[in-house]
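Protein sequence lines, in the order shown, are assigned to chains A and B.
Just so we're aligned, residue 1 is where the first sequence starts under our numbering, counting upward by one.
Just so we're aligned, residue 1 is where the second sequence starts under our numbering, counting upward by one.
Since the hints were made in silico from the structure, they are not lab data.
Small disclaimer: the values here were computed from a predicted structure and weren't measured.
Please note: incorrect hints may appear among the correct ones.
As the list claims (entries may be wrong) - Per label pair, the in silico range of CB-to-CB distance: (1) Ala320/A - Ser99/B: 51 to 57 Å; (2) Arg482/B - Ile405/A: 26 to 32 Å; (3) Val365/B - Pro439/A: 19 to 25 Å; (4) Leu409/B - Leu288/A: 42 to 48 Å; (5) Gly150/B - Ile405/A: 51 to 57 Å; (6) Gly150/B - Leu288/A: 49 to 55 Å.
Said to hold, decoys possible - Some residues of chain B that are not near chain A, with every Cβ distance over 12 Å (derived): (7) Thr3; (8) Val24; (9) Leu43; (10) Pro65; (11) Thr101; (12) Arg103; (13) Gly149; (14) Ala157; (15) Val162; (16) Ser168; (17) Ala189; (18) Gln352; (19) Glu432; (20) Pro438; (21) Ala442.
Unchecked claim - Which residues of chain B face chain A? A partial, calculated answer using Cβ under 10 Å: (22) Gln66; (23) Phe143; (24) Phe180.
Ideal Cβ placement from N, Cα and C applies to all residues, glycine included.
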Amino acid sequence: MMSVVLRESLAAWWPETILGAGALAVFVLAGWPRGSRAALAAAWAAVLLSAAALSAAPVPSPTEIFYGLIVCDPFSLVFRWLALGTIALTLLLVMGSQEIAASVRGEALGLLLCIGLGMMLMAEANHLLTAYLAMELVSLSSYVLVGFVSDARSAEASLKYLLFGALSSGIMLFGMSLLFGLTGCLGFFELRQAAGALPASASGALLMALVLMLAGLAYKVSMVPFHQWTPDVYEGAPVPVTALLSVGPKAAGLALFLRLIEALRPAWPELAPVLLALTVVTMTLGNLVALVQTNVKRLLAYSTIGQVGYLLIGLSVNSAMGREALLLYLVAYLFMNLGLFACVVAVVRDTGSESVEAFRGLAQRAPGLALMCTAFLLSLAGVPPLLGFFGKFLLFGSAVAAGQIWLAIAAVINSAIALYYYVNLIRWMYLVPPSVARPLRITPALGAALAVCALATVGLGLFPGPLLQWLDGRAIVNLL
Amino acid sequence: MLTLLLLIPLGGMVVILLLPKTAVRAIRMVALGATGAAMVLALELLAGFEPAGALQFEEHLAWIPQLRIAYHIGIDGLNLPMVVLTGLLGFLACVASFSITERHKEYFALYLLLEVGMLGTFLALDLFLFYVFWEVVLVPMYFLIGIWGGGRREYSAFKFFVYTLAGSLFMLLGILALYFKTHTFDLVALSGLAPAFAPPLQRLLFVAFFLGFAIKVPIFPFHTWLPDAHVDAPTPISVLLAGVLLKMGGYGFFRIAYPLFPAGAAWFAGAMAVLGTINIVYGAFVALAQTDFKRLVAYSSVSHMGFVLLGLASFNAEGLNGAMLQMFNHGIITGGMFLLVGVLYDRTHTRQLGDFGGLGAVVPVYAGLLMFFSLASLGLPGLSGFVGEFLSLLGGFATWRWHTVVAVLGVVMAAAYMLMVIQKVLLGPLNEKWRSLPDVNARELFSLAPLVIFVLALGIFPLLLLQVQDPALQRLLAHILR
Numbered sequence: 001m002m003s004v005v006l007r008e009s010l011a012a013w014w015p016e017t018i019l020g021a022g023a024l025a026v027f028v029l030a031g032w033p034r035g036s037r038a039a040l041a042a043a044w045a046a047v048l049l050s051a052a053a054l055s056a057a058p059v060p061s062p063t064e065i066f067y068g069l070i071v072c073d074p075f076s077l078v079f080r081w082l083a084l085g086t087i088a089l090t091l092l093l094v095m096g097s098q099e100i101a102a103s104v105r106g107e108a109l110g111l112l113l114c115i116g117l118g119m120m121l122m123a124e125a126n127h128l129l130t131a132y133l134a135m136e137l138v139s140l141s142s143y144v145l146v147g148f149v150s151d152a153r154s155a156e157a158s159l160k161y162l163l164f165g166a167l168s169s170g171i172m173l174f175g176m177s178l179l180f181g182l183t184g185c186l187g188f189f190e191l192r193q194a195a196g197a198l199p200a201s202a203s204g205a206l207l208m209a210l211v212l213m214l215a216g217l218a219y220k221v222s223m224v225p226f227h228q229w230t231p232d233v234y235e236g237a238p239v240p241v242t243a244l245l246s247v248g249p250k251a252a253g254l255a256l257f258l259r260l261i262e263a264l265r266p267a268w269p270e271l272a273p274v275l276l277a278l279t280v281v282t283m284t285l286g287n288l289v290a291l292v293q294t295n296v297k298r299l300l301a302y303s304t305i306g307q308v309g310y311l312l313i314g315l316s317v318n319s320a321m322g323r324e325a326l327l328l329y330l331v332a333y334l335f336m337n338l339g340l341f342a343c344v345v346a347v348v349r350d351t352g353s354e355s356v357e358a359f360r361g362l363a364q365r366a367p368g369l370a371l372m373c374t375a376f377l378l379s380l381a382g383v384p385p386l387l388g389f390f391g392k393f394l395l396f397g398s399a400v401a402a403g404q405i406w407l408a409i410a411a412v413i414n415s416a417i418a419l420y421y422y423v424n425l426i427r428w429m430y431l432v433p434p435s436v437a438r439p440l441r442i443t444p445a446l447g448a449a450l451a452v453c454a455l456a457t458v459g460l461g462l463f464p465g466p467l468l469q470w471l472d473g474r475a476i477v478n479l480l
Numbered sequence: 001m002l003t004l005l006l007l008i009p010l011g012g013m014v015v016i017l018l019l020p021k022t023a024v025r026a027i028r029m030v031a032l033g034a035t036g037a038a039m040v041l042a043l044e045l046l047a048g049f050e051p052a053g054a055l056q057f058e059e060h061l062a063w064i065p066q067l068r069i070a071y072h073i074g075i076d077g078l079n080l081p082m083v084v085l086t087g088l089l090g091f092l093a094c095v096a097s098f099s100i101t102e103r104h105k106e107y108f109a110l111y112l113l114l115e116v117g118m119l120g121t122f123l124a125l126d127l128f129l130f131y132v133f134w135e136v137v138l139v140p141m142y143f144l145i146g147i148w149g150g151g152r153r154e155y156s157a158f159k160f161f162v163y164t165l166a167g168s169l170f171m172l173l174g175i176l177a178l179y180f181k182t183h184t185f186d187l188v189a190l191s192g193l194a195p196a197f198a199p200p201l202q203r204l205l206f207v208a209f210f211l212g213f214a215i216k217v218p219i220f221p222f223h224t225w226l227p228d229a230h231v232d233a234p235t236p237i238s239v240l241l242a243g244v245l246l247k248m249g250g251y252g253f254f255r256i257a258y259p260l261f262p263a264g265a266a267w268f269a270g271a272m273a274v275l276g277t278i279n280i281v282y283g284a285f286v287a288l289a290q291t292d293f294k295r296l297v298a299y300s301s302v303s304h305m306g307f308v309l310l311g312l313a314s315f316n317a318e319g320l321n322g323a324m325l326q327m328f329n330h331g332i333i334t335g336g337m338f339l340l341v342g343v344l345y346d347r348t349h350t351r352q353l354g355d356f357g358g359l360g361a362v363v364p365v366y367a368g369l370l371m372f373f374s375l376a377s378l379g380l381p382g383l384s385g386f387v388g389e390f391l392s393l394l395g396g397f398a399t400w401r402w403h404t405v406v407a408v409l410g411v412v413m414a415a416a417y418m419l420m421v422i423q424k425v426l427l428g429p430l431n432e433k434w435r436s437l438p439d440v441n442a443r444e445l446f447s448l449a450p451l452v453i454f455v456l457a458l459g460i461f462p463l464l465l466l467q468v469q470d471p472a473l474q475r476l477l478a479h480i481l482r
């Protein structure tokens, strides 16, 4: 009996198994002298094999595996792809950047794969224990990766990330223990039933537990008021790692967020107004503070907070359409944000500066790069016909459909504010003459990353039909 | 056929992007060919158009079927004049663009993209498509002002971008609300469905779209981006800004706000009349106070667009016809004025009216053209500007008597500031600096002559355009008064 369960579980879990094994192999290879090339090859092999396994796996009807610890359903499938996509693009960025020294690059790749595994697990978690383990896997690997540049700023960022992270996972653990004390169970499905059966007198305690747990997740997705670490960590980390942090954990965190909310549905009426308020505050704060940033990584950190605010709309409206919009915007965000970071990698590599001024005259030094960078920026700002616009269109639409007109108006005003800092970068690239005339060359790896992101941002923006069709039905599925 | 109209400039853009940036001649020829072909096609549409019929040359393709978004374009009496205007000014401003001296490849690629956006906005019959084209216009415009402009070009370009985007985001909310009520983006279907909404909802939606259009027109107090953008843009782009982009806002009322929300429009008509009057009088007064030639023309646009609003507020056939005609006329007249400002600026590098004087004797051809367009702009009977303004005032008088009485003041003021221009530039003692100023050259004449013909033709025989637009406007009126 037991072996049957295990065999079925493993059959549905090949992508993760491969990725995990790949991470271990990469660690081993990296230990050898001059093993970083082999490690890179192994990392790519793991990612590609994992992707092959994922595409070969039958589209699952929700199946609980490993005794209900993990659930493979259509919803998590989207996030598994998102995680793999993030990792693959980050690998390209790591190859295109020189910030991570060759001597330690192998270890960085291994940690990267660990994060990928953790992100997939976060989206599949069906049990508080799995959820916690997955989050810690992502967090611990990230702490180390942030400190991979040997300078004081990077070390400071790493330490700051670790301290904030430890605090918030402590809070989260506390919330989980409260929940366990209230209900006596940890599985999401059981939790929902137990929470529904709780007497009214316990509703305060339930809300407390939920809020504490969500605090941990809010930290992961940089939701106000748990966002303070974001700019410092983004600034200190190597650019490819910043790129990864700005997309991957946000997506995985939101997936877990959705599932937890679903599991603790009885507490939703009390939670909804809080979440709504925090959504508006998150986007407003991110966009307003981004206006005054001069370091491009800090700028993108605040832009990320603003973007997370938009994403949270899909969560707060709590409808199938909101979820679908959230998924689509995550896909859009993956491509446009990582594409933008690829541009940053190219610029930082050439100029050695992270100031927005490093972008001056880019249109004349590298016309193609500047054009793609403009596309990513305009997509983030929500200008049609790019994919970011379509995502926003759906997100704002879900707010309007849910009758949350004020939320939609707040989001619209935020979009107008955000235009300022996105266009400001475009201004540096096109309207300001370069200080050095030398053309800026990009490496093939970066070129590949840029091309993939630009194609997706423009192509899927013009024809979002197939993407919508793919997401359709994955969003409305029951999450438990 | 209509798709071809969009594909020609788009294809031209792609070709230009593929050309090396040193091939300036080839780039110019491609741009000229593309805009020229678009103009010819637009005129062919005019020739093949059946005024009595409803939508023609329609094309319908599913685009994003999940949301029932379609690529739906077509021509009727409402947008045909605008398409012709865009084709015409697009070509003439392209001729004028030969004076651009740097970064030719980028300039003409963006220019053609701008033309695609403008044509698409007028052709679209699907709200989503309309919005996409509407926004596509912003991006090339930002670069065209920001890179090739003068003065505080970065500031002006940015202000233009933010103002228009902020306005159109409210329109986006309106579009979304409309969709969730009706589950369609199709304007033809919507014009049947939306008028059945409860009046409060119609008012709300009307206001959402109004914000988007008002900034574009621009309606006081949303007009402050206009003088900056018009003044700092390079000459050909000023022509398109004043000639075509402002019309996008006015056209929005005809195509979307009025037919979809008649109750909202009726409720807002009083405010519209007041705003129109303010535009006319305020714009004229501010124009009178300008010392910069280009800024004066820019403010005169604010004043002239006020007549469009007054005509819209009138809710009768004369007013609507006047508003529509005024949009077309303002496009060709103010387009011509901006070209003339550019001609002078290219030679003297100043736009201060006080720096000129007595040029009438030095550059006679220029003087003749300037007088012609100034008189057209102040509404001299026999030239096209008069007809549009007269019809708008006529329509306005029937519905908003006292507003119209005040608005007539604007016509008087227009005479004042336009005659002031003629006096300061052409008459008086000659500034010795300009004794050897060369007259209008062949290329400049080529870009101005067609406009002269249109102004004359429409002034003498306005039925040319009225017969195209009147049946559609009558239908619109019947639809909103039902």
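Cross-check of the supplied hints:
| no. | hint | in the structure |
| --- | --- | --- |
| 1 | Ala320/A - Ser99/B: 51 to 57 Å | holds (56 Å) |
| 2 | Arg482/B - Ile405/A: 26 to 32 Å | holds (29 Å) |
| 3 | Val365/B - Pro439/A: 19 to 25 Å | violated (46 Å) |
| 4 | Leu409/B - Leu288/A: 42 to 48 Å | holds (44 Å) |
| 5 | Gly150/B - Ile405/A: 51 to 57 Å | violated (42 Å) |
| 6 | Gly150/B - Leu288/A: 49 to 55 Å | violated (32 Å) |
| 7 | Thr3 | holds (15 Å) |
| 8 | Val24 | holds (16 Å) |
| 9 | Leu43 | holds (29 Å) |
| 10 | Pro65 | violated (6 Å) |
| 11 | Thr101 | holds (15 Å) |
| 12 | Arg103 | violated (9 Å) |
| 13 | Gly149 | violated (10 Å) |
| 14 | Ala157 | violated (8 Å) |
| 15 | Val162 | violated (6 Å) |
| 16 | Ser168 | violated (10 Å) |
| 17 | Ala189 | holds (18 Å) |
| 18 | Gln352 | holds (26 Å) |
| 19 | Glu432 | holds (37 Å) |
| 20 | Pro438 | holds (31 Å) |
| 21 | Ala442 | holds (33 Å) |
| 22 | Gln66 | holds (5 Å) |
| 23 | Phe143 | holds (6 Å) |
| 24 | Phe180 | holds (5 Å) |
Hints 3, 5, 6, 10, 12, 13, 14, 15, 16 from the earlier list are contradicted by this structure; the remaining hints agree with it.
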